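*Asks:* Input sequences plus hints: build the corresponding full structure.
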Amino acid sequence: MSTETQSTPASVHTRTKSTLIERLDALYEYDREPVDENKLQGWWTFIAMFSSEHISGTEFVLGTLLVMHGVTAVDVFGGLALGNLLAVLSWAFMCAPIAVKERLTIYWQIRKIAGPYLTILYSGLFALILCLLAGSMVNVSTTAVTLPLHIPSPNYAAGQTVPSISWILIAIGVGTAIAVLAVLGFERLAHFAKVVAPWMPFVFLAGAISSLPSLGVTGLDNFWQIANEKIWTGAAYPGQMQYGFWHCVGLAWLCNIAQHMGMGDVTIFRYARKWQMGFCSAFGMFIGHYLAWICSGVLCAAYVHAQTAAGVADPNPTPGNIAMFGAGYAGVVCVLLAGWTTANPTLYRAGLAFQVATPNWRRWLVTLVAGILMIITACIPAVLHYLDRIVAYYGLFFMPLGAFVFIDFWLFPRLGLARNYAERRGLLISWPAAVGWFGSFGICFLLYAKDRYTSMAWINKHLPLFLSHYKADLFLQVLPAWLIAVILYTLCSLIQQGFNPISQEQTK
Amino acid sequence: MRTPGRHILQAVSFAGLALSIIPAFLVFGGLLSMEIYFHLMVAGMLMWFGTAIFWIKKDNLG
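Residue numbers (our numbering), protein chains in the order written: chain Y, 1 to 508; chain D, 1 to 62.
Hints are computed from structural coordinates only; laboratory data are not their basis.
Since we're looking at a predicted model, the values are computed, not measured.
Take these hints with a grain of salt, some might be off.
What the hints assert, rightly or not - List of simulated lysine-lysine pairs, BS3-like, C-alpha gap at most 25 Å: (1) 230(Y) x 274(Y); (2) 274(Y) x 101(Y); (3) 39(Y) x 57(D); (4) 274(Y) x 57(D).
Claimed, not checked - If you only want the chain Y side, here are some residues facing chain D, beta carbon under 8 Å, derived: (5) 193; (6) 195; (7) 199; (8) 203; (9) 206; (10) 209; (11) 210; (12) 212; (13) 213; (14) 328; (15) 329; (16) 330; (17) 333; (18) 471.
Glycine is no exception: its CB is placed at the ideal position from the N, C-alpha and C atoms.
*Replies:* Put into C-alpha cells, the structure is as follows:
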C-alpha cells in the first residue's frame with residue numbers, strides 16, 4: 001500500500017494544499033475510508049432515492065424527442081422496456097456488487113486504477129457536462145415560468161436558434177434563483193426534492209390520460225391503433241433524424257450509463273447492505289424513463305395535434321406547453337419543480353468538481369461560477385433540441401473509466417495482474433487507462449462520424465469492408481464502446497505490468 | 001412527530017395524490033370537464049405539498 005493511502009485526514013489538512021492533486025484529495029477526504037457497517041441502508045432508502053432522482057424535468061424533453069424522431073409504438077413500449085431492463089441489470093450485476101465489496105466512492109476507485117491526473121481530468125470534464133445538463137433543466141423550468149407571462153419559448157425546430165431578450169431575462173432569473181438557493185441551503189432543497197418526487201409521476205400520468213380523448217382514444221380497444229397513427233407514427237418530424245427500436249433501447253440504456261456501467265453509483269451503493277439492492281434502480285427506470293417518457297410522448301402528440309387543428313403552423317411542444325395542455329397549472333408547477341429540483345443537486349455536484357481547479361475560492365463562489373455556465377447553457381435552445389445526443393455523448397465518454405473499475409476488480413486477479421496498479425506504483429497517470437478511455441471514445445466517435453459528417457466520409461475508404469458497412473449511431477454503441485475500452489485497457493495493462501510487475505509479496 | 005398527527009398528515013397527502021390522478025380517468029371517461037379537472041389537480045397538489053413536507057424524511061446517503 002502506498003504512503004498516500006496511509007495518510008490520516010488530520011495529516012492531510014495540516015500540510016499545505018499547494019498542488020491540484022492534494023486539493024482534490026482533501027475535497028474528498030471524508031470519503032476516503034470505506035463506509036462503516038452501522039451506516040448501511042435498507043431497501044426503502046434506495047427505492048426512494050431512485051424513484052426521486054430519475055424523474056426530472058428532462059423526462060418532459062426526452063419522451064417528446066422520441067415522438068419527434070418518428071419511432072413507432074412498438075419501438076417505444078418494447079425498446080424502452082428492453083433498454084431500461086438492461087440499465088437495471090447493469091446496476092444490479094455490475095455496479096452494486098463492486099460497491100458493496102469495496103464501499104468506496106467512484107472518485108477513490110478511479111484514483112486507484114487511473115492515477116490522480118486522469119481523475120482530475122475526469123472531475124473537470126464531468127463538471128462541465130453537469131453544468132450543461134443543469135442548464136437544460138433550467139431551460140425546462142423557464143418554459144414553465146414564461147408560459148403564464150405569455151412570453152413564447154424559442155422553437156428551435158422552426159429556426160429560432162436564439163431566444164427573445166425577455167425569455168433570456170427570465171432564464172437568468174430562474175438560473176440565478178437556482179444557483180443562489182443551491183449555495184444557501186442544498187440539504188433543505190434535497191429534502192424538498194424528495195417531497196416533490198412521488199407527486200410528479202401522478203402529474204405525468206394524469207396529463208397523458210386526460211389528453212388521450214383529444215387524440216380520439218376512447219378505450220383500450222382503439223388505443224394501440226391511435227398510438228401508431230397519431231402518437232408514435234413511425235415518421236420523423238421535418239428536420240429530425242429517424243429513430244427506431246434500437247435507438248429507444250440505446251437511449252434508455254445509455255442515458256444513465258455513467259452511473260451504472262460507468263460505476264458512478266458505487267458512491268451511492270457503498271451504503272447498501274446487499275448487492276441485490278441494485279435492483280431498486282428499477283423504480284427509477286420504469287417510473288422515470290418508461291412511464292414518464294411514454295406520458296410526455298402522449299402529451300407532445302396531443303399538443304401538436306390540437307395546435308395543428310387550431311391552424312398553428314409550427315407547434316412548439318416545450319415542456320411548459322405540453323404540461324399546461326395536459327394538466328393545467330399543476331402541470332406547469334410540475335415542470336418548474338422537475339427542472340429546479342434536479343438542477344440543484346446537479347449544480348451542487350458540478351461545483352464540487354470545479355472546486356478542484358480553483359485554489360482558495362470559497363464554495364459559494366465556485367457554485368456561482370458553475371451557475372453562470374448553467375445559465376448560459378439554459379439560453380441555448382439547441383441544448384434541449386439535441387438533448388438525447390448530448391446524453392449519448394456524455395454516457396459514451398464517461399463510461400470507460402467505470403469499465404476499468406469493473407475489469408480491475410473481476411478480471412485482473414484471474415489474469416494474474418495486480419489490482420490498483422497506479423496507486424501501488426504511485427503513478428500520476430495510468431497510460432493503459434488513458435489509452436482505453438480516449439481510444440474507446442475516439443474509435444466509437446469516428447465510426448459514428450464517418451456516416452454522419454460528409455467531411456469525415458473519407459474514413460470509409462480506409463476501413464475493412466465490414467467496418468465501412470457498419471452504420472453506427474451513437475445509441476447503438478454501448479456494447480462496442482465498453483468492449484473496446486476493456487480490451488484496450490487490459491492489453492495495455494498486460495504490457496505495462498509485463499515490463500514492470502508487482503511481486504507476489506507486494507500483491508498480498 | 002407523534003403517530004396520530006403523522007397518520008392524519010399522511011392521509012391528507014395520499015388523498016392529494018388520489019386527487020392528482022382519479023380526475024384524469026374521469027376526463028378520459030367523459031365524466032368530467034377539463035376545466036374542473038385542472039382545478040382538482042391544483043387542489044391535489046396543494047394537499048400533497050402542504051402535508052408531505054412534514055412527514056417525508058431526509059435521506060442520509062453521502
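*Asks:* Hint by hint, say whether it matches the structure.
*Replies:* Okay, the hints, checked on the actual structure:
With a C-alpha separation of about 45 Å, the suggested pairing of residue 230(Y) with residue 274(Y) is violated against the 25 Å cut-off. Distance hint between residue 274(Y) and residue 101(Y) is fulfilled; the C-alpha atoms sit about 9 Å from each other, no more than 25 Å. A distance of roughly 16 Å separates the Cα atoms of residue 39(Y) and residue 57(D); the hinted pair therefore holds under the 25 Å criterion. Proximity of residue 274(Y) to residue 57(D) is assessed by CA-CA distance (about 22 Å); at most 25 Å being required, the pair is judged to hold.
With a cut of 8 Å, the hint placing residue 193(Y) at the interface with chain D is violated, because the nearest CB-to-CB distance is about 10 Å. About 5 Å separates the beta-carbon of residue 195(Y) from the nearest beta-carbon of chain D, less than 8 Å, and the hint is met. At a threshold of 8 Å, the smallest CB-CB gap from residue 199(Y) to chain D is about 5 Å, leaving the interface hint in force. Hint status for residue 203(Y) relative to chain D: holds, with the closest Cβ pair at about 6 Å, below 8 Å.
Interface restraint check for residue 206(Y): the shortest CB-CB distance to chain D comes to about 4 Å, inside 8 Å, so the restraint holds. Hint status for residue 209(Y) relative to chain D: holds, with the closest Cβ pair at about 4 Å, below 8 Å. Below 8 Å, beta-carbon pairs count as interface contacts, and residue 210(Y) has one with chain D at about 4 Å; its hint therefore holds. Using the Cβ-Cβ criterion of 8 Å, the hint placing residue 212(Y) at the interface with chain D is satisfied: the shortest such distance is roughly 6 Å.
Interface restraint check for residue 213(Y): the shortest CB-CB distance to chain D comes to about 6 Å, inside 8 Å, so the restraint holds. Hint on residue 328(Y) holds. Least Cβ distance to chain D is approximately 3 Å, under the 8 Å limit. Below 8 Å, beta-carbon pairs count as interface contacts, and residue 329(Y) has one with chain D at about 6 Å; its hint therefore holds. About 4 Å separates the beta-carbon of residue 330(Y) from the nearest beta-carbon of chain D, less than 8 Å, and the hint is met.
A hinted interface residue such as residue 333(Y) counts as satisfied when its beta carbon comes closer than 8 Å to some beta carbon of chain D; here the least separation is about 6 Å, so the hint holds. The restraint placing residue 471(Y) at the interface with chain D is violated, with a minimum CB-CB distance near 41 Å, outside the 8 Å limit.
Hint compliance for this structure: hints 1, 5, 18 are not met, and every other hint is.
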